[in-house]
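Participant: Taken in order, these protein sequences are the chains called L and B.
For the first sequence, numbering that gives the first Met the number 0 assigns the number 0 to the initial residue and increments by one for each residue that follows.
For the second sequence, numbering that gives the first Met the number 0 assigns the number 0 to the initial residue and increments by one for each residue that follows.
To be clear, the hints were calculated from the coordinates, so they are not data collected in a lab.
Built from N, CA and C at the ideal position, the CB exists for glycine as well.
Hints are supplied without guarantee of correctness; some may be wrong.
Capping the alpha-carbon separation at 27 Å, the derived lysine-lysine pairs in DSS-like fashion look like this [claimed, not checked]:
#	chain 1	residue 1	chain 2	residue 2
1	L	K42	B	K197
2	B	K285	L	K358
3	L	K68	B	K197
4	L	K289	L	K276
5	L	K2	B	K393
6	B	K197	L	K1
7	L	K1	B	K393
8	L	K252	L	K284
9	B	K285	L	K2
10	L	K46	B	K197
11	B	K393	L	K121
12	B	K197	L	K2
13	B	K285	L	K1
Now the stretches of chain L that chain B is said to cover, found in silico as 3 or more residues with beta-carbon under 8 Å [said to hold, decoys possible]:
#	region
14	13-23
15	102-114
16	436-446
The residues making up each chain are set out below.
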Amino acid sequence: MKKLERRAILCLCLAAVLIIGLGLFVYLQFRDGGDWAAYPANKHIYKDGHLATGSIYDVNGTLLLENTKDGPKYNSDYSKRVATLHAVGDNEGNIATGANTAFGDKLVGYNFINGVYSTNEKGRSLYLTIDSDICEVASEAMGDHDGTIGVYNYETGEIICMVSKPDYDPQDPPQVEEGDDSGIYMNKLISATIVPGSTFKLVTSAAAIDTIEDIDSFSYTCTGVKQYATADVDKVSCPYAHGTVDFEGALAKSCNCAFAELSEMIGQATMEEYAKKSGLTSQYKINGIKTAKGSAEFPESGVNLAWASIGQYHDLVNPAAMMIYAGAIANGGKAAQPRLIDSVKFSNGWPASIPWEPKTDELIGRSTANTLSRLMKNNVEVSYGGESNFPGLDLYAKSGTAQLGGDQEPHSWFTGFIKNEGSPYAFVVVVEHGGWGSETAGSIANEVLQAVVNR
Amino acid sequence: MYESFSAAAQPLMEKLSGLFESYPILATYYTTVARWIFVALALFILIRSILSLLRSKNPSEIWAYLALPDGNNRPLRHWENVLGRAKSADVHIDIMTVSRNHGTLCRDASGNWRYNDLGSTGGSEVNGKPVTGSTRVKPGDTITMGGADCVLVPASVREKEENLRVRKTFTTRFAPWSCLVALTIFQIMACIQFIAAKGADFPAPVLFGFMIFTVIMWTTCIVLRAMGSTAFEMETIVFFLCTLNLCVVATASPERIMTQLIAIVAGIILFFGLCWYLRDLDRGLKIRRLLVILGALLLLVNLAFGHNEFGAANWISIPGLGTFQPSELVKIAFIFIGSATLDELYQKKNLTLFIAFSIFCLGCLAVMGDFGTAAIFFVTFVIISFLRSGEFSKLVLIGAVSVVGILLMIRFQPYIATRFTTCFHAWDDPDNLGYQQTRAMSAGSSGGLFGMGGGNGWFHEVGASDKDLVFSILSEEWGLVIAVLAVLSIVTLGVFAVRSIMAGRSSFYTIAACAATSLFIFQTTLNVLGSLNILPFTGVTFPFVSNGGTSMMASWGLLAFLKAADTRQDASIAVRKENTLEEGGMS
Numbered sequence: 000m001k002k003l004e005r006r007a008i009l010c011l012c013l014a015a016v017l018i019i020g021l022g023l024f025v026y027l028q029f030r031d032g033g034d035w036a037a038y039p040a041n042k043h044i045y046k047d048g049h050l051a052t053g054s055i056y057d058v059n060g061t062l063l064l065e066n067t068k069d070g071p072k073y074n075s076d077y078s079k080r081v082a083t084l085h086a087v088g089d090n091e092g093n094i095a096t097g098a099n100t101a102f103g104d105k106l107v108g109y110n111f112i113n114g115v116y117s118t119n120e121k122g123r124s125l126y127l128t129i130d131s132d133i134c135e136v137a138s139e140a141m142g143d144h145d146g147t148i149g150v151y152n153y154e155t156g157e158i159i160c161m162v163s164k165p166d167y168d169p170q171d172p173p174q175v176e177e178g179d180d181s182g183i184y185m186n187k188l189i190s191a192t193i194v195p196g197s198t199f200k201l202v203t204s205a206a207a208i209d210t211i212e213d214i215d216s217f218s219y220t221c222t223g224v225k226q227y228a229t230a231d232v233d234k235v236s237c238p239y240a241h242g243t244v245d246f247e248g249a250l251a252k253s254c255n256c257a258f259a260e261l262s263e264m265i266g267q268a269t270m271e272e273y274a275k276k277s278g279l280t281s282q283y284k285i286n287g288i289k290t291a292k293g294s295a296e297f298p299e300s301g302v303n304l305a306w307a308s309i310g311q312y313h314d315l316v317n318p319a320a321m322m323i324y325a326g327a328i329a330n331g332g333k334a335a336q337p338r339l340i341d342s343v344k345f346s347n348g349w350p351a352s353i354p355w356e357p358k359t360d361e362l363i364g365r366s367t368a369n370t371l372s373r374l375m376k377n378n379v380e381v382s383y384g385g386e387s388n389f390p391g392l393d394l395y396a397k398s399g400t401a402q403l404g405g406d407q408e409p410h411s412w413f414t415g416f417i418k419n420e421g422s423p424y425a426f427v428v429v430v431e432h433g434g435w436g437s438e439t440a441g442s443i444a445n446e447v448l449q450a451v452v453n454r
Numbered sequence: 000m001y002e003s004f005s006a007a008a009q010p011l012m013e014k015l016s017g018l019f020e021s022y023p024i025l026a027t028y029y030t031t032v033a034r035w036i037f038v039a040l041a042l043f044i045l046i047r048s049i050l051s052l053l054r055s056k057n058p059s060e061i062w063a064y065l066a067l068p069d070g071n072n073r074p075l076r077h078w079e080n081v082l083g084r085a086k087s088a089d090v091h092i093d094i095m096t097v098s099r100n101h102g103t104l105c106r107d108a109s110g111n112w113r114y115n116d117l118g119s120t121g122g123s124e125v126n127g128k129p130v131t132g133s134t135r136v137k138p139g140d141t142i143t144m145g146g147a148d149c150v151l152v153p154a155s156v157r158e159k160e161e162n163l164r165v166r167k168t169f170t171t172r173f174a175p176w177s178c179l180v181a182l183t184i185f186q187i188m189a190c191i192q193f194i195a196a197k198g199a200d201f202p203a204p205v206l207f208g209f210m211i212f213t214v215i216m217w218t219t220c221i222v223l224r225a226m227g228s229t230a231f232e233m234e235t236i237v238f239f240l241c242t243l244n245l246c247v248v249a250t251a252s253p254e255r256i257m258t259q260l261i262a263i264v265a266g267i268i269l270f271f272g273l274c275w276y277l278r279d280l281d282r283g284l285k286i287r288r289l290l291v292i293l294g295a296l297l298l299l300v301n302l303a304f305g306h307n308e309f310g311a312a313n314w315i316s317i318p319g320l321g322t323f324q325p326s327e328l329v330k331i332a333f334i335f336i337g338s339a340t341l342d343e344l345y346q347k348k349n350l351t352l353f354i355a356f357s358i359f360c361l362g363c364l365a366v367m368g369d370f371g372t373a374a375i376f377f378v379t380f381v382i383i384s385f386l387r388s389g390e391f392s393k394l395v396l397i398g399a400v401s402v403v404g405i406l407l408m409i410r411f412q413p414y415i416a417t418r419f420t421t422c423f424h425a426w427d428d429p430d431n432l433g434y435q436q437t438r439a440m441s442a443g444s445s446g447g448l449f450g451m452g453g454g455n456g457w458f459h460e461v462g463a464s465d466k467d468l469v470f471s472i473l474s475e476e477w478g479l480v481i482a483v484l485a486v487l488s489i490v491t492l493g494v495f496a497v498r499s500i501m502a503g504r505s506s507f508y509t510i511a512a513c514a515a516t517s518l519f520i521f522q523t524t525l526n527v528l529g530s531l532n533i534l535p536f537t538g539v540t541f542p543f544v545s546n547g548g549t550s551m552m553a554s555w556g557l558l559a560f561l562k563a564a565d566t567r568q569d570a571s572i573a574v575r576k577e578n579t580l581e582e583g584g585m586s
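Bound conformation, chain L alone (with noise of 0.2 Å):
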């Protein structure tokens, strides 16, 4: 007997399983429980696949969607509806990173104690950082242009413009074939990564900065191509011979020539270092939707290394990144995390959440940040066209034309912050196949952040 009363020491270990395990269920539904209940599959927020209950407001209070149970009630002005769709997300789900979306949780009011239970089943009201007035701007600036516009504040993580092209009405969708790759669901400044060109040369320009002892004395003569090998292909070459050019007219001038020389001086080991520590290959989590990763990948050394340097060879960047990057520079090395909830209300107006405004890591060291702020301002004042292109504007940029190869117009990017007086806010502008950087996107640029400063 007494053998055996040990021995049923087995039954309890059965019975901790049983525990371990319903243990691990009730933190998972803590952990995940929004997620779960958000399922369009669930009938007690979702009629018909659709979600019924909760309004998507910016940060102005005007109501971009209404979910109800006889349907969505998008905003009626259609060119605010159009600005803001990838932002607010559609009633059909096909915008994965839309905010009708990805927060309905927020939007059904779940909460691990109450579920989704609501007395009035009226929801919440989500209200987002985003400006819509601003979205418009944006929207309208990019023209029948693809790509995306993105500004947020480093300061406090606020994205007041976010839009992305191809887009559409949501009250009136469009058919879309399968196999459609335009990416007309998708919101670009989250969701894609794109061929960064030169925009990659801030990047090249801290660790520059860091590691290359009298970079000040740094001096280049760019005939207009650099030779590796030779094979035709194996060279790097500028547009036209920039002549003999410093560090700092080296960025300025974009030089490509004179950065393949920097990239062979940096090495390597550093270049990935320093491509890891900006955050432009790191997933960001913008109020728990997560970014798209970039990557980069550096050769020992040789003219992909060079390539790989000037955000061109296997190159991708997810343009939030770069734009959390350039709110980096601005901000001295670390930026405010950027968010797109600004708050979450009772149907009765009472608060439903907790501001909370976390940092990011340090993207980029306080001096090297100053020194590259500096360089940026440089950029705009020399290559720019300064106050007369950017009127108004306290302006710190860096375009990139990102070659796509064969007879494809290049992508335009131009990205960057400024430091207005109240206004600390950084931006990317990305224009497929848009041509010269700072020609196409930099306009575009200037005005959205004019309409943002005259906020």
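Using the hints, position chain B against chain L.
Facilitator: Relative to the frame of chain L, chain B by itself:
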């Protein structure tokens, strides 16, 4: 009669639903408040029962003494004792000529002691006569083991009184009345909640069903109390689970409420019947052969006439009575056959019968395609084997064989393989392979801790949700707290059974209680964790809670094994009272 009673419930229902219809806000506020009260009531009922169960001890009893050659008297604390040189022997005799497990000294229900030799090296004698088989030992008789003389000394009257006193003091009386009142409030409020949720659509027979159940619950406890019973924790816990079962049935298939009620009544009768039967150890032993035959027949009938429902051909239709699952009832027989007294544990042929029966059961279940139940039988088999042999190496061997078995199963039944791959990855394919689990989790999490209110769910629309995914129905409509409490109820039954065997009288009861407990716990584990994406989804029922008549009856039947291990004074109708001192052959 049913119609007339049902008609009697109708006006009450119409009045309530009319009230809620004219003031819809009333229904909303009722649910808002009631969902908290339900949780509070459930907590009250369970915490009271669980604390009482865990606080009470099963006192160790002294049934007689064995006087050893060194002059010491060793108490015999069980009905079945191993005598030997091993440290683990119940009576440890530290003499070199005594074998490690020399012999067994067992008492039957009427107080007669018998000695048997376990094939010892030195042999045994009773009063100088060599022992060849089970031999009666009277008080004062001398048992000689390997030359060492021991004398059976009866427990004195004072000690018997002490036994009784200790048992009585250790038995904290558990008055079930406050819990029953709380449960009754729960049931009444649940009915109102259903009417608030469903309005006039709510079928009156369900209301009537709840009323009958309330009456059954009170009657059972009053009758037990009248019979002198003092412990009601298990019954209270199980009545709570049955109430949840009725709530599930009311929401998922209200038309089955009467069938389910009949199953509960049949279960309770089975429970009492088995408890009475288990009072007498000899009776329990005698019926085993019959049960082997019956169990085997049931499975064979199942194989021949079974039809497929929810992926396994383990259902039999009986015209006019509905469907039932024979494999559920075979569980009871399985435990009867697996359990053994100490004497039997040392006889090989007993184990052979058990192993043969196990293989037969597993084979039948595999042919039916009921791999969930097969897994339950298998784990129970492993537990019983381990309890009987205690060999850890055997456990490892069985484990290895089972891994091979699972691999073979996956090889020949590809759909099982997909269940294994879906486990933990339901959200990767939410509308196909993970269909049931994702809906279970989505609906379940919607309820939060306090639920959406009974009758306010949609998850019951998912196939088999009231059986295999019942945890999520509870979680959706009644809240995660109540769903977790339901699981903890099962665990409590288990922990209590394990504790009570510490003072076990016969290894038969001990093994049976442990096996029944393990079966409950493992079945709950498969049901709950399988539906929640943590284990492969097997489609087995949650004891007492899932909708299903046979499962309900089998659960009550298995409960009898737990009750039989409860040796607290007057705690259990499955334990014959020992408070009459004159009883038995010792005095």
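Participant: Decide, hint by hint, whether the structure agrees.
Facilitator: Structure-based check of each hint:
no. : hint            : in the structure
1   : L:K42 / B:K197  : 16 Å, holds
2   : B:K285 / L:K358 : 75 Å, violated
3   : L:K68 / B:K197  : 19 Å, holds
4   : L:K289 / L:K276 : 18 Å, holds
5   : L:K2 / B:K393   : 16 Å, holds
6   : B:K197 / L:K1   : 56 Å, violated
7   : L:K1 / B:K393   : 20 Å, holds
8   : L:K252 / L:K284 : 34 Å, violated
9   : B:K285 / L:K2   : 25 Å, holds
10  : L:K46 / B:K197  : 19 Å, holds
11  : B:K393 / L:K121 : 61 Å, violated
12  : B:K197 / L:K2   : 56 Å, violated
13  : B:K285 / L:K1   : 25 Å, holds
14  : 13-23           : holds (count 8)
15  : 102-114         : holds (count 6)
16  : 436-446         : violated (count 0)
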